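Peer 1: Protein chains in written order, with my numbering: chain A, 1 to 302; chain B, 1001 to 1565.
These are calculated hints, taken from the structure and not from any lab test. Values in this document were obtained by computation on a predicted structure and should not be read as measured data. Don't be surprised by glycine CBs; every beta carbon is placed ideally from N, CA and C. Some hints could be false.
To be verified - Reference excerpt, derived from the structure (chain B facing chain A, CB under 7 Å, subset only):
1) H1013
2) R1014
3) A1361
4) R1386
5) R1391
6) V1393
7) F1398
8) S1403
9) L1405
10) N1406
11) R1408
Said to hold, decoys possible - Keeping only pairs whose Cα atoms sit at most 25 Å apart, straight-line, the calculated DMTMM-like set for lysine to aspartate or glutamate is:
12) A/K192 <-> B/D1487
13) A/K192 <-> B/D1388
14) B/K1387 <-> B/E1425
15) B/K1410 <-> B/E1285
16) A/K192 <-> B/D1515
17) A/K192 <-> B/D1450
18) B/K1249 <-> B/E1500
19) B/K1499 <-> B/D1525
20) B/K1410 <-> A/E10
21) B/K1196 <-> B/D1211
22) B/K1249 <-> B/D1023
23) B/K1410 <-> B/D1374
24) B/K1087 <-> B/D1070
25) B/K1499 <-> B/E1348
26) B/K1387 <-> B/D1374
27) A/K192 <-> B/D1400
28) A/K192 <-> B/D1183
29) A/K192 <-> B/E1348
30) B/K1229 <-> B/E1039
31) A/K192 <-> B/D1095
Now for the letters of each chain:
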Amino acid sequence: MMLARLMQTEGVWLFSRNPAAILAAIVTIVVVAGAVLAPWIAPTNPYDLSSFSLIDGLLPPLWEQGGDPRFLLGTDDQGRDMLSSILYGARLSLIIASVAMGIALVLGVSLGLAAGFFGGRLDAIVMRVADVQLALPAILTALLIDGISRGILPREVHDDLRLAVITLAIALSLWVNFARTARASTFVERNKDYVQAAIMMGQHPLRIMLRHILPNIVGPLLVIATVDLASAILLEATLSFLGVGLPADSPSLGTLIRIGMQYLLSGEWWILWMPTVFLVVLVVSINLLGDFLRDLFNPSLR
Amino acid sequence: MLSVAGLTVRFRHRTGAATAVEDVTMTVARGEIHGLVGESGAGKSTIGAAIMGLLPPAGEIAAGDMRLGDTDLRTLSAAQAHHLRGKRISMIFQDPQTSLDPLMTIGDQLVETILAHEDIPAEAALTRAVDLLEEIGIANARARIRSYPHQFSGGMRQRVVIALALCTNPELIIADEPTTALDVAVQAQVLDLIRKLAETRGIGFILITHDIGVIAQIADRVTVLRDGKVVEQGDTARVLGAPEHPYTKALMAAVPPLDRRLRRFAVPRVEGEAETTDLTAPAREAEDWLMSGAGGGASMGPALDIEAITVRFTGERRGLFGPRESFVALDDVTMSVRPGTVMGLVGESGSGKSTLAKVIAALVHPAAGEMRLDGAALAPMRRRTRKDPSRRVIQMVFQDPYSSLNSRHKVLSILTEPLRLYGLERDEARQDRLARAMLALVGLPAEVADRYPHQFSGGQRQRIAVARALLSRPGLLICDEPTSALDVSIQAQILNLLKELQTKFGLTTLFISHDLAVVRQMSDDITVLKDGKLVETGPSEAFFDGPRHAYSRDLLAQTPTVRFR
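From just these sequences and the hints, can you work out the full model?
Peer 2: Shown next as structure tokens:
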């Protein structure tokens, strides 16, 4: 019943007429499912030292001369299965990106809602902080947080907290988008009569913001969340690639690419290219979905 | 000159095709003003767009003939149609604000249009543009032609739009709601201009409007449309003076007369909207609940006194370091609303009517002045706490029913909100029951509660908004242009409802409208505002019989009436 009604909505109709969005959705679902289910579907566990051996090192993908049927996408120098490494790496990348995006969403939307609703001094402060944040490139923010945490935390603690540090760094560079969009939309909604009616009736400001305004501004926020998820994945890959991110014993997609860099001109191309292509496909798909959502929520673009 | 025969327009959409205009036949002669009148969705604008060849991509002309002189409009190529638009057929749009380019002087816009259609030197085009502006009634046209659109007032801007439509000597002008965005005084001038152009230049006009008063004032012939079909067609005096079709009769009965006060509008039941359920039993329950709150028996709204209220809005800074210029929206306004009566508040746009309502509702803070509710001081916005008892007593019905209800909430949750907020009913089942009963009182079935606002028409939404206001058990109801976004037949229904509720519950009401005819139907007393200042305030009947102030007399004289000599 619910499903039948969903199938009749305009969104589903527009979606069914947009081949790029359908393809992007399929790719995203397959990739995310693969990453989430990695421990169950990956052929081997790349973290388990007993599951691979040096003898299998540097085997090319299955379709190349000398490919081994056990390793669909070939192996790295340690003899690890590339497919398994990629799935596990993508899993880690997605976890970091989603958590970072979630933190940025909650932080940015709360600040943006409050700034837009109350205006005045609060608005000025929040938006100036956002401007400063925006003037710092995301990578710089991340390097800064990483540097500071290295400086003030004991080494063992820092290593344990690396995951948290990188997640926080990404979140901090993404919240501004949410805050600005939430603020702008709140400004518009605040002057609509239903909000004026609620203010007039004497409802609690928190209730007005959360119950009345928030549901009316989720559209644009959803679009940003999607596009920012792709940004977060890229940012994590960049940081890991630069070596700021995760340690080599729990490789994300970025770490895999960094390791693969050493083989760029060596003939073992797959070690670099497999994770890179995977990353590109994932990010492009999510961005295409974001584009579709943006068009959906902006009737003037239809 | 223009003849349209059997015009049928269809719109394709995802679930099939909808017929927007069906078998419409009409003619426009030289110098004739042909009115197209009907309520929203009647297909008026679609006919105009089809004649212009400007139907949106989803629309197609399924059948019919359209001829302008000896040109068949349907067989034109895209290039020919493009040339014909502007050259032989022009259009005037509703909003002069958006139909002029704000970054070009009006002279440049006129010259550009002339040169696009005629191969003449630029100086000649400029001379023509100046002549046109003079003809259209813009004084000192030679100097004014170098002005930008924002340097003209709304009415002047609409004249420039008309000049733009005229500058290629078209045979036919399609005017789509040309005066809807204008105040009555300006509307009267623009209508005079259209009348004059039809007479002196022999231009045929198609005047598309929802306002029967406008049609009555200047149209020679009129076509009444409903659901894309022609209901009645003929001379204006005949069709509006002695309508034959029941729909036209109903429409005419719903137009509020300026010259007398009706007890209620004769609203015939619209087919397809027949009330299937008997609403009287639940409505009685809601009524009892409303009555019981006032301590039983003769409930009566409070008296409202406004004393020397002044509102200033901070304006733009003049220079980088200059002071902010403040704008006085209300200047020393004093008036009072007698308990249990309706005070009509009228004035042109910008007169401060809505600002006054917002001051009372604590949405705008006054710079000076005092308010009293039943003798007790009523705190202004910054001092009125969320728990102030007046929050419940004062309720408001807004102009735009599409924005005054939160589209993400179900009607039930919108309606029960005041009950919870003011602690009027704590039991959830009771809240639910009362909300549904209140819907019955405003003439809607109980199932309505389970749906979302976007599933309703404007009139139904306004009923829901009224029900929400009533569920606070209010004493003072502020209605800010509650019917100006509605069609005339729906307006009549809502006015009937408001009258009924007001008398039944003795609500003190502040009724704001720009339409004097509507105000006459509603109010016991009347207050006229102009540019934030009070012009006059007093009993309504005396006002309409002979207003004391010259401005009020003008206002009254300029309001279009539907009367035939």
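Peer 1: None of the hints should be skipped; say for each whether it holds.
Peer 2: Results for each hint:
Taken as an interface hint, B/H1013 does not check out: its beta carbon lies about 10 Å from the nearest beta carbon of chain A, beyond 7 Å. Interface restraint check: B/R1014 against chain A, minimum CB-CB distance 5 Å, threshold 7 Å, status holds. With 7 Å as the threshold, the beta carbon of B/A1361 comes within range of chain A, its nearest partner Cβ sitting at about 5 Å, so the hint holds. The beta carbon of B/R1386 is positioned within 7 Å of a beta carbon in chain A (closest approach about 4 Å), and the interface hint is therefore held.
Hint status for B/R1391 relative to chain A: holds, with the closest Cβ pair at about 4 Å, below 7 Å. Given the 7 Å rule on beta carbons, the hint for B/V1393 is violated: about 11 Å separates it from the nearest Cβ of chain A. Contact between B/F1398 and chain A, as hinted, is supported at the beta carbon level, the nearest pair being about 4 Å apart and thus within 7 Å. Interface restraint check: B/S1403 against chain A, minimum CB-CB distance 4 Å, threshold 7 Å, status holds.
The interface hint given for B/L1405 holds, since its Cβ lies 6 Å from the closest Cβ of chain A, which is under the 7 Å cut-off. Taken as an interface hint, B/N1406 checks out: its beta carbon lies about 4 Å from the nearest beta carbon of chain A, inside 7 Å. A cut of 7 Å between beta carbons decides the hint on B/R1408: the least distance to chain A is about 4 Å, and the hint holds. Pair hint A/K192 plus B/D1487 holds up; C-alpha atoms about 22 Å apart against a cutoff of 25 Å.
Between A/K192 and B/D1388, the direct Cα distance comes to roughly 23 Å. Compliance with the 25 Å bound is thereby established for this hinted pair. Our distance criterion of 25 Å between C-alpha atoms is met by B/K1387 and B/E1425, whose separation comes to about 17 Å. Of the supplied pair hints, the one linking B/K1410 and B/E1285 holds, its CA atoms being roughly 22 Å apart against a limit of 25 Å. As the CA atoms of A/K192 and B/D1515 are separated by approximately 23 Å, the hinted pair is consistent with the 25 Å bound.
Taking the CA atoms of A/K192 and B/D1450, the gap is about 23 Å. The hint holds against a cut of 25 Å. With a CA separation close to 23 Å, the supplied pair B/K1249 and B/E1500 stays within the 25 Å bound. Using a Cα cut-off of 25 Å, the hinted pair B/K1499 and B/D1525 holds, with the two alpha carbons roughly 14 Å apart. Restraint check for B/K1410 and A/E10: the C-alpha separation of about 20 Å stays at or below 25 Å, so the hint holds.
Using a Cα cut-off of 25 Å, the hinted pair B/K1196 and B/D1211 holds, with the two alpha carbons roughly 20 Å apart. About 22 Å separates the Cα atoms of B/K1249 and B/D1023, which keeps this hinted pair within 25 Å; it holds. Restraint check for B/K1410 and B/D1374: the C-alpha separation of about 35 Å exceeds 25 Å, so the hint is violated. Restraint check for B/K1087 and B/D1070: the C-alpha separation of about 15 Å stays at or below 25 Å, so the hint holds.
For the given pair, B/K1499 sits about 24 Å from B/E1348 by alpha-carbon distance, which is consistent with the 25 Å threshold. Only pairs whose Cα atoms come within 25 Å are accepted, and B/K1387 paired with B/D1374 is accepted, the gap being roughly 18 Å. A distance of roughly 9 Å separates the Cα atoms of A/K192 and B/D1400; the hinted pair therefore holds under the 25 Å criterion. In summary, the hint linking A/K192 to B/D1183 is supported, as the alpha carbons are separated by about 23 Å, within the 25 Å threshold.
For the hint pairing A/K192 with B/E1348, the CA-to-CA distance comes to about 22 Å; that is within 25 Å, so the pair holds. Simply put, B/K1229 and B/E1039 have alpha-carbon atoms about 12 Å apart, close enough for the 25 Å limit, and the pair holds. A threshold of 25 Å between alpha carbons decides the hint, and for A/K192 with B/D1095 the separation of about 21 Å falls inside it, so the pair holds.
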